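If you read the protein sequences in the order shown, they are chains A and B. Taking my numbering, the leading residue of the first sequence gets 19, the next gets one more, and so forth. Taking my numbering, the leading residue of the second sequence gets 3, the next gets one more, and so forth.
I should point out that these hints are in silico values taken from the structure, not numbers from a laboratory. Certain hints may be false.
[What the hints assert, rightly or not] Computed list of lysine-lysine pairs in DSS-like fashion (alpha-carbon distance at most 30 Å, straight line):
#, chain 1, residue 1, chain 2, residue 2
1, B, K198, A, K311
2, B, K141, B, K129
3, B, K406, A, K122
4, A, K122, B, K272
5, A, K379, B, K174
6, B, K272, A, K311
Every value quoted in this text rests on a predicted model; they were computed, and no experiment measured them.
Next come the chains, spelled out residue by residue.
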Amino acid sequence: MQHESEIREPLILGNKSYHQITEDIVKPIEGKANKYWYILLTVSIICFMWGIGCLSYTIGTGIGVWGSNNGVDWAWDITNFVWWIGIGHAGTLISAVLLLFRQKWRMAINRSAEAMTIFAVMCAAIFVLLHTGRPWLDYWLFPLPNTFGSLWVNFNSPLLWDVFAVSTYFSISLVFWYTGLVPDFAMIRDRAIKPWAKKFYGILSFGWGGSARHWSRFEEVSLVLAGLSTPLVFSVHSIVSMDFATSVVPGWHTTIFPPYFVAGAVFSGFAMVLTLLLIVRKIYNLENYITIKHIEYMNIVIIVTGSIVGVAYLTELFISWYSGVEYEQYAFLNRATGPYWWAYAAMMTCNVISPQLFWFKKLRTNLMFTFVMSIIVNIGMWFERFVIIVPTLCRTFLPATWTMYHPTFVDIGIFTGTIGMFFTFFLLFSRYFPVIAQAELKSILKSSGQEFKTKAAANHH
Amino acid sequence: MNNNYTFTNKTRNITFGLMAIGLVTIIAGFLTDHAPEGVSHEEYHQTRIWANLLVNGWFFMGIGLLATFFMALQYVAEVAWSVAVKRVYEAVSSYLPIGAVVMVLILVAGQLHLHHLYHWMDADLYKEFLEDGVTPNPKFDEVLKGKEGYFVPWFFWLRTSIYVVIWCWFQKGFIKNSIEQDLQGGTKIHYKTMGKAASFLVFFAVTSSTAAWDWMMSLDPHWFSTMYGWYAFSGMWISAMITIILFVIYLKRKGYLPQVNDSHIHDLGKWVFAVSFLWSYLWFCQFMLIWYTNIPEEIIYFQDRLHNFGYMGLMWTVFAMNFVFPMILLMSRDAKRNYVFLVIVGCIIFIGHWLDVYMMVMPATVQGNHHLGWMELGTALGFLGLMLFIVHRALSKRSLMVEKHPYLDESIHHHY
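Model the full structure from these sequences, guided by the hints.
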């Protein structure tokens, strides 16, 4: 067992035994859902349905029903795509990078963060699939042997790299998430009383027996998947950023884009994890597992990534002036003071200035403040993508094409629909799947549980 | 347990020997560095030897600076395992003040026009007309005129002094607190240093980029890249990590640091592996985006480093050394626990990153007149000797193992 310094705060509060942990985590699955869960689910499903309606309308009529126009040919579609993909990154970072860094606090949050990743990537996929205009031909995105003529996908295009990056990302994340779930499913199976539940969780748990050999393979697979996922944390959003940075459009072509997009993605992802976990923790009574310390650590990640993003904003702004290239200078002047100045101001306030309040320990350990802040950050990061896309395209090289962009109800409807879908899936997940990786969590009980830490400290003196 | 490192006469003499080689080379360099054919004596300013000083000034200062960064990072991230090697990275960071002084001396020499590495330091470039006020100034540079607000001497020197003074102040403070911690114990000083480390990281986040623009990117005064600051940072970071791991292995081999086990070495190896990837990632993104778009203002940087002056072979060698070697050789767990492997990879990428700095400086300064000859080797050895001397001296001053750190127990029991 690992030795842990006394000054580290416990990560599992209260007098917990292994059995008690099982009981606490399985409770929402075995018990009945309360009314808040039904209310939230209903609202989410309504949004989701509305989104499906708007989506069908788009497919039936064409993307002319969106606000995108001849000048601003990318708008909410790509903004939402990048936003959702970014949100997914926290899951991969928590499960892979924090695993490699042996951060024990990840164990209370990794399961829901990974689920969030998968749902967020699904939401993102809707936008890319739809924005092609003829989604029924989307299989053309893959380099399939072509029988229609000599046309082949453009391997030089970052849009194609995106297809590979995002689909790899989705598959690896799904496998990673599912592998972690296997022992937990087995735990539910072994406790299940109803025959259908036994059957259902029995199939899901792949015949897990919990022998030493199973565990050893499980750990090996986790480590390999963590190794594969870590480069994905970087590559996916780097390639998304290259959709912009490989162009010659001023304001898009800037070399800092890949790492800055990655930092922004982790930033928005952690904000979304906080939004979800603060709700989950409350309605499922998981305060002993998702402690204030966990929240504080996540808030620290928010300050760090928010500040990295801030440094990148300032770097871009400074270099655009320093470059002496008029077009570059204008692109940034237009962002900050042009017709969409309010979007730029919202981005700066939400992403750079407000997270700095987390420097105060009082604020970063305050749950209500954290919840509000997590939403502010999500709004800010949506605006960041909007600022990169719309104000840039509405003022390109040719003034004759200068135009404004106005979203239609369909744009708003599809976006609302993805939010509905995201929450629908997440609520179903939290009802039928264990929201905390209990098998992993048990491995740190004796080194980081409150009771055990107190005992160890007493023995030491 | 022997935790007191003795800086033996033999080792001391080796470092003095290296420094002597460096000194002789630099003097000989100034005596023999003549203008190449086709360049007049007045325009040459002994660029080769000065550029050499800059390469080493930056490279070695970066090691001290990033060891300081690593130290701060360990505090802020509440890291326990690295406490067992804390004295080693503290010692490596102690090169920072010396390195910073060397850097400042090189910059002062530029301001006094003893060399012409920094083209923008020439005040004539900013004047549109000659003294009569009518005749256009043939040397006038419109692009630089646009950057005058940034390059104006008072502002440049203000920035430079702020970086250097505050970096060194933090470095000294960290060391002082670390000694104090050993004397007093408890957690008060630890938490105080944690706060201090957080403020250093904030300051460093901005100044690591601006210093890289001011001292390195400005060697190509017309060129710009938003990535440059982070790219330079990652290069300095990996150089510092290799230096730390090589010192740890050296001390282990000499029988010191008995409490440092394979898990500690493995973790250091992982850092080398990870930061190598970070550097490769940033290097590649900067290169690829500029190459892909092929915009004249930007591509000139890589044009100079690939086609114009015959650096192409070196350019790809550097990338291969710093990316492919660590990737292949340090991939497996066993390699990261094997001293021989670590030393081989460490030496390869130490040289690789020195060459990376060479590639940052030389194509912008000596351009076609580049050599990897006695002058380059001798100067580098001299600086290496200086750094080794400073670090060994710092190691011998204090116990090699911290005594009362709140994470000490956790670090000693580090196994996985």
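Each hint tested on the structure:
no.	hint	verdict
1	B:K198 / A:K311	holds, 21 Å
2	B:K141 / B:K129	holds, 8 Å
3	B:K406 / A:K122	holds, 24 Å
4	A:K122 / B:K272	holds, 18 Å
5	A:K379 / B:K174	holds, 27 Å
6	B:K272 / A:K311	holds, 27 Å
Violated hints are absent here; each numbered hint is respected by the structure.
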